[in-house]
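Q: Start from chain A and add chain B according to the hints.
Protein chains in written order, with the numbering used here: chain A, 1 to 371; chain B, 1 to 397.
Among the hints, erroneous ones may be present.
Stated by the list, open to error - With the Cβ distance kept under 8 angstroms, some of the chain A side facing chain B (calculated, not the full set): (1) Met33; (2) Thr37; (3) Gln82; (4) Arg83; (5) Gln86; (6) Ser100; (7) Leu128; (8) Asn292.
No lab work stands behind these hints: they were computed from the structure.
We put the beta carbon where it would ideally sit given N, CA and C, even for glycine.
The residues making up each chain are set out below.
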Amino acid sequence: MRIILRIFLVPFLLWSLVSRAEDMIKIGVILSMTGGTAAFGEVTWTGMRIGRSIRPNVLGKEVELILVDDKSDKIESANAAQRLIQKEKVIGILGDVASSNSLAIAPIAEENHIPHISPASTNPIVTLNRKYVFRACFIDPFQGEVMAKFAYNDLGAKKAAVLMDIGQDYSVGLSNAFQKTFTKLGGKVISRVNYLSGDQDFTAQLTAIKETNPDVIAIPGYYTEIALIAKQARELGIKTTLISGDGAEAPELTEIGGKAVEGLYYTTHFDEKAISTPLGKKYVEIFRKKYNHAPDALGALGADAYLIMLDAIERAGSTDPEKIRDEIEKTKDFQGVTGVIFIDSNHNAVKNVVIRQVKGKESVYVSSVNP
Amino acid sequence: MVVKRERDRESSSGLQPRIERARDGTPTILVLFRTCKFVLIGGLVIAMKRENLVKITATFLSLLALLGFLKWTNSYASPYIVQILNLTAIYIILSTSYNLVNGVTGQFSLGPNAFMAIGAYASALLTMTPAEKEITFIIEPIISPLDKIALTFLPSLLIAGVVTALFAFLISFPVFRVRGDYLAIVTLGFGEIVRVFATNATSITNGSLGLKGIKQLTSLWWSWSWAIFTVFCLVGLVQSSYGRAMKAIREDETAAQAMGINTFRYKMLAFVISAFFQGIGGGLLAHLLTTIDPKLFTFLFTFNLLIIIVAGGLGSMTGSVIGAVIFAWGFEFLRWFEEPHQIGGVFIPEIPGMRMVIFSLLLILIMLFFRRGITGRWEFSWDWVFNKLGKKIRVTN
Chain A
1 MRIILRIFLV PFLLWSLVSR AEDMIKIGVI LSMTGGTAAF GEVTWTGMRI GRSIRPNVLG
61 KEVELILVDD KSDKIESANA AQRLIQKEKV IGILGDVASS NSLAIAPIAE ENHIPHISPA
121 STNPIVTLNR KYVFRACFID PFQGEVMAKF AYNDLGAKKA AVLMDIGQDY SVGLSNAFQK
181 TFTKLGGKVI SRVNYLSGDQ DFTAQLTAIK ETNPDVIAIP GYYTEIALIA KQARELGIKT
241 TLISGDGAEA PELTEIGGKA VEGLYYTTHF DEKAISTPLG KKYVEIFRKK YNHAPDALGA
301 LGADAYLIML DAIERAGSTD PEKIRDEIEK TKDFQGVTGV IFIDSNHNAV KNVVIRQVKG
361 KESVYVSSVN P
Chain B
1 MVVKRERDRE SSSGLQPRIE RARDGTPTIL VLFRTCKFVL IGGLVIAMKR ENLVKITATF
61 LSLLALLGFL KWTNSYASPY IVQILNLTAI YIILSTSYNL VNGVTGQFSL GPNAFMAIGA
121 YASALLTMTP AEKEITFIIE PIISPLDKIA LTFLPSLLIA GVVTALFAFL ISFPVFRVRG
181 DYLAIVTLGF GEIVRVFATN ATSITNGSLG LKGIKQLTSL WWSWSWAIFT VFCLVGLVQS
241 SYGRAMKAIR EDETAAQAMG INTFRYKMLA FVISAFFQGI GGGLLAHLLT TIDPKLFTFL
301 FTFNLLIIIV AGGLGSMTGS VIGAVIFAWG FEFLRWFEEP HQIGGVFIPE IPGMRMVIFS
361 LLLILIMLFF RRGITGRWEF SWDWVFNKLG KKIRVTN
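One chain only, chain A, in its complex shape:
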């Protein structure tokens, strides 16, 4: 027992010795640095730090980003939010990527009147009816709409099949929006089948789809399943074009899928070639210099969440969380990293969607769709 007591005591004693710089603007960051979605947290944090290196000062003071890990866990996310607000006295919170964790952070930010921007939580109910919660990305329905428009207008598809992952809120939201828009445009969703994340065998679903002979197959899921579905579809002789959402964007897609995913279209938030803003150019330049590979979407969204917050602080001219909130809500025509950003009345970011296509091991830029 004594050993344990000592182990707990040491940090306390050290804590009292350590002093911190006081005259800084403190912004809290809650990300999953460990646990199931640690990879997302890692890249987002990289992006935020680049964002900070582009713009380290506001109102003549330096910005301090205080990172707190939430272990990819809802309970820990809530603890982290309380800690940042009560103990660190932050004036704003950025995070998390996974919607389920952001949902745990949001009510605490709301209650304490602290503005909260999630970089990449796409679940619509995160910001729904909340005054202090925003996001730097578009929501699933919007992405689904763009997928449907692209399939109908650019690919000329009239009959579509949808493979939905019912275990992921993300996939359900995307599929519903895709179907709604596609039907509205005049197309027809001739088959809609379900799977569950973690499934390995999709031949039953794919055989059912093959019989209906669609022009396009929409798979709004995550990369692992998309790659496996693509592989099994090609083995069954299905040559139909595949289309999916930003869940496809990961190096693993081509590693698992190989040649089968060649030609797959997906919508996403960001592409180097689609950059139109000076901030975006600067971001890519720094990212390239530091990491020597193409920048990813999550990092760019992380940087955008940070920069939107800073822009609002600047316009508010004070560090009063209430005033910052008002200014975030008024954000429009903001020249961010991922494009020109508007914040709509539901606190979602409205901006252009990028469409990319898998070519070999890389993805190439196809087009941008404006809202």
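A: Chain B in isolation, oriented as in the chain A frame:
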């Protein structure tokens, strides 16, 4: 016979306090229970033994101290501390009730995540107002009777507990057809079934989107009253003849059966009571976090509880309480290791994930130096405290 053997073992291993008056080792809680009965029946407080009176007073005073502490925290401490204290109480409820099945009855169940999920969803769906349900259920509207119901906190928590207990009662028939490792696998299976059901039954649970906008009703009073109530009930149960039958099953199921204990009945009883409290715990958790979704109730949650009860001391309620407190506070204390520091002239940048490493090391240390958890099977009792105090006084004299 078996029961007697159990008792003998305890006293021979020195767990029984040595003073003569505590020859039955009765713990405070049961004493209080019995006392209450006596008081209610005839008001025979004066007739009671002096020693018991002292113990009751000690229990009463320590409860009063706890309540005083909570009152002070409620008004002066930051919401961050309150949040962790609430979690501590919830972990105490969950771990002590889990300990009843795993530690006391010796049935290796891996299903508490299922019970928590049922409790959380049931209570949340009952307290949410129809308007809130309407805006949350955006994929499919909620099914008919649930869309109109809105209850207050206590009835919905109780209903959640009862529903969970009912579920445990139903699954106990298939579950207790097997023993040991197989039991673990079957309960694990039921845990997954509940989670998958919550993911797919969109018109009841809002599927993978989860529920949002649950009112934050869990306060220190709610969570700690339930925690105290749970601990009192469970310790009372463990010390009763039911509890001794459960321990007999843990030591040797076949022997217990041969001695005439209806093992199925006692295992089911432990399972159902445990499920009731886990349902309550789940409900309190839902109303603390204000949002739940199926991903919260994965097997990892069960695993955390397992860590608490094994590190605390399998079979000891005291151990479960200590384990819960360490688990709830430990992770927050250890955040210090992840923050950037300026110590002297050395700057240490932040290291995400460092506290997990240290926490794991602590667990390894606990398991190395306290092979049977922090407390083993030792239980707190006033006799022990008085004994210790008595010794101290003697030494100083």
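Q: Hint by hint, say whether it matches the structure.
A: Each hint, compared with the structure:
Proximity of A:Met33 to chain B holds as hinted, the smallest CB-CB distance being about 3 angstroms (cut-off 8 angstroms). The interface hint given for A:Thr37 is violated, since its Cβ lies 10 angstroms from the closest Cβ of chain B, which is over the 8 angstroms cut-off. Annotation: interface hint on A:Gln82 holds; nearest CB of chain B at approximately 4 angstroms, less than 8 angstroms. A distance limit of 8 angstroms between C-beta atoms decides the matter here; for A:Arg83 the minimum to chain B is near 5 angstroms, and the interface restraint holds.
For A:Gln86, the shortest C-beta to C-beta distance to chain B is roughly 4 angstroms, which falls under 8 angstroms, so the interface hint holds. Restraint check, A:Ser100 versus chain B: the minimum CB separation of about 5 angstroms is within 8 angstroms; hint holds. Taking 8 angstroms as the C-beta cut-off, the interface hint given for A:Leu128 holds, the closest approach to chain B being about 7 angstroms. Nearest Cβ of chain B to the Cβ of A:Asn292: about 22 angstroms, over the 8 angstroms cut. The hint is violated.
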